[in-house]
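*Asks:* Read off the chains here:
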Amino acid sequence: EAQVTQNPRYLITVTGKKLTVTCSQNMNHEYMSWYRQDPGLGLRQIYYSMNVEVTDKGDVPEGYKVSRKEKRNFPLILESPSPNQTSLYFCASSLKTQLQGPLNTEAFFGQGTRLTVV
Amino acid sequence: GEDVEQSLFLSVREGDSSVINCTYTDSSSTYLYWYKQEPGAGLQLLTYIFSNMDMKQDQRLTVLLNKKDKHLSLRIADTQTGDSAIYFCAGQRSNQAGTALIFGKGTTLSVSS
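Here the protein sequences come in this chain order: S and W. Using the working numbering, the first residue of the first sequence is number 1, and each one after it goes up by one. Using the working numbering, the first residue of the second sequence is number 1, and each one after it goes up by one.
These aren't lab readings, by the way, just hints derived from the structure by calculation. Please note that a few of the clues may not be correct.
To be verified - Taking lysine to any residue and the SDA-like style, the derived pairs with C-alpha atoms no more than 20 Å apart in a straight line are:
{"hint": "1", "chain 1": "S", "residue 1": "K57", "chain 2": "W", "residue 2": "R93"}
{"hint": "2", "chain 1": "S", "residue 1": "K57", "chain 2": "W", "residue 2": "D3"}
{"hint": "3", "chain 1": "W", "residue 1": "K36", "chain 2": "S", "residue 2": "K57"}
{"hint": "4", "chain 1": "W", "residue 1": "K36", "chain 2": "S", "residue 2": "L88"}
{"hint": "5", "chain 1": "S", "residue 1": "K57", "chain 2": "S", "residue 2": "R68"}
{"hint": "6", "chain 1": "W", "residue 1": "K36", "chain 2": "S", "residue 2": "R44"}
As the list claims (entries may be wrong) - DEER-style ranges, computed between Cβ atoms:
{"hint": "7", "chain 1": "S", "residue 1": "K17", "chain 2": "W", "residue 2": "Q80", "range": "26 to 34 Å"}
{"hint": "8", "chain 1": "S", "residue 1": "N73", "chain 2": "W", "residue 2": "D16", "range": "27 to 35 Å"}
{"hint": "9", "chain 1": "S", "residue 1": "T22", "chain 2": "W", "residue 2": "R13", "range": "41 to 49 Å"}
{"hint": "10", "chain 1": "S", "residue 1": "P61", "chain 2": "W", "residue 2": "K67", "range": "30 to 38 Å"}
{"hint": "11", "chain 1": "W", "residue 1": "D3", "chain 2": "S", "residue 2": "N26", "range": "43 to 51 Å"}
{"hint": "12", "chain 1": "W", "residue 1": "T25", "chain 2": "S", "residue 2": "N51", "range": "26 to 34 Å"}
{"hint": "13", "chain 1": "S", "residue 1": "V54", "chain 2": "W", "residue 2": "S51", "range": "25 to 33 Å"}
{"hint": "14", "chain 1": "W", "residue 1": "Q80", "chain 2": "S", "residue 2": "K57", "range": "38 to 46 Å"}
{"hint": "15", "chain 1": "S", "residue 1": "S67", "chain 2": "W", "residue 2": "D78", "range": "43 to 51 Å"}
Said to hold, decoys possible - Sample of chain W residues lacking proximity to chain S, with all beta carbon distances greater than 10 Å (derived):
{"hint": "16", "residue": "S7"}
{"hint": "17", "residue": "R13"}
{"hint": "18", "residue": "E14"}
{"hint": "19", "residue": "Q44"}
{"hint": "20", "residue": "L64"}
{"hint": "21", "residue": "D78"}
{"hint": "22", "residue": "T81"}
{"hint": "23", "residue": "S110"}
All of these numbers come straight from a predicted model, not from anything done at the bench. Heads up, the beta-carbon is just placed ideally off N, CA and C, and yes, glycines get one too.
Using the sequences and the hints given, assemble the complete structure.
*Replies:* Quick look at the structure:
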């Protein structure tokens with residue numbers, strides 16, 4: 001079954017304790033990205049990756065890191081989490097990466113990770 | 001940069017039509033998308049429209065695009081309680097650095113029976 005898998009689904013942690021949210025896709029997609037969803041702010045892109053070893057900042061990258069060492073995985077790393085990073089996080093992947101053509105005709109989103117930083 | 005705006009709430013009765021509106025700022029967006037998010041779930045792509053189209057219809061869904069006014073709408077005919085969800089409009093921003101979707105804040109559709 002084609003899917004994007006995020007882990008964990010729920011996480012409560014303390015300020016400053018490093019954490020990683022994993023994201024894995026089984027569709028051989030080139031394009032992967034991370035979003036955070038906050039009430040009244042909608043979805044905002046944190047980081048994205050066009051391919052292995054190619055990552056770039058989205059709109060709200062501060063306080064986050066990512067890596068793309070292999071095609072299927074795109075972990076989101078919070079080196080020193082703070083309460084303002086409490087949010088719902090989504091990982092997404094897509095087949096198409098070229099500038100022309102619809103980006104997400106085959107877009108898949110993970111189920112989300114609800115993170116609380118106290 | 002791209003900015004996407006949409007109304008936050010819409011309430012309709014079962015069987016009525018729902019119209020969710022969206023405005024965007026970047027006229028170079030070649031594709032515009034509608035996503036649906038059900039409670040506790042991720043986002044599901046409903047439909048997309050190419051910027052040189054005025055209308056796209058897919059079963060109960062009709063997308064209208066007014067490129068001059070930079071206005072996009074999603075019409076759901078015969079709205080059902082299962083259509084209750086958050087609907088996101090998104091524009092595609094592409095440049096040499098990469099491609100990204102820019103989402104609106106989402107419109108919560110509430111359908112009462």
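*Asks:* For every hint, state whether the structure bears it out.
*Replies:* Now the hints, each set against the structure:
This hinted pair checks out: K57 (chain S) and R93 (chain W) have alpha carbons roughly 14 Å apart, not beyond 20 Å. This hinted pair checks out: K57 (chain S) and D3 (chain W) have alpha carbons roughly 17 Å apart, not beyond 20 Å. For the proposed pair K36 (chain W) and K57 (chain S), the alpha carbon gap of about 25 Å is over 20 Å, so the pair is violated. Restraint check for K36 (chain W) and L88 (chain S): satisfied, since their Cα atoms lie roughly 16 Å apart, inside the 20 Å limit.
Proposed proximity of K57 (chain S) and R68 (chain S) is supported: the alpha carbons are some 13 Å apart, at most 20 Å. Distance restraint check for K36 (chain W) and R44 (chain S): the Cα-Cα separation of roughly 16 Å lies within the 20 Å cut-off, and the hinted pair is therefore satisfied. In this structure, K17 (chain S) and Q80 (chain W) break the distance hint of 26 to 34 Å, their C-beta atoms being roughly 44 Å apart. The hinted range of 27 to 35 Å is not satisfied by N73 (chain S) and D16 (chain W), whose Cβ atoms lie roughly 45 Å apart.
The given range of 41 to 49 Å is respected by T22 (chain S) and R13 (chain W), whose C-beta atoms sit roughly 43 Å from each other. Between P61 (chain S) and K67 (chain W), the C-beta spacing of about 31 Å keeps the proposed range 30 to 38 Å intact. Distance hint check: the CB atoms of D3 (chain W) and N26 (chain S) are about 34 Å apart, inconsistent with the given range 43 to 51 Å. In this structure, T25 (chain W) and N51 (chain S) meet the distance hint of 26 to 34 Å, their C-beta atoms being roughly 29 Å apart.
Separated by about 27 Å at the C-beta atoms, V54 (chain S) and S51 (chain W) satisfy the suggested range of 25 to 33 Å. For the hinted restraint 38 to 46 Å between Q80 (chain W) and K57 (chain S), the CB-CB distance of approximately 40 Å keeps it satisfied. At about 47 Å, the beta-carbon gap between S67 (chain S) and D78 (chain W) stays in the expected band of 43 to 51 Å. The Cβ of S7 (chain W) sits about 12 Å from the closest Cβ of chain S, beyond the 10 Å cut-off, so the non-interface label holds.
Distance to chain S confirms R13 (chain W) as a non-interface residue, since its nearest Cβ pair spans about 26 Å, more than 10 Å. Under the 10 Å C-beta cut-off, the non-interface status given to E14 (chain W) relative to chain S holds; the minimum distance is some 26 Å. Listed as outside the interface, Q44 (chain W) is inconsistent with that label: its C-beta sits roughly 7 Å from the nearest C-beta of chain S, within the 10 Å cut-off. L64 (chain W), annotated as away from the interface, keeps every beta carbon of chain S farther than 10 Å; the closest lies near 18 Å.
The non-interface label for D78 (chain W) is consistent with chain S: the shortest C-beta to C-beta separation is roughly 26 Å, beyond 10 Å. The claim that T81 (chain W) is not at the interface with chain S holds, since no C-beta of that chain comes within 10 Å of its own (minimum 22 Å). Every CB of chain S is more than 10 Å from the CB of S110 (chain W) (nearest about 16 Å), matching its label as outside the interface.
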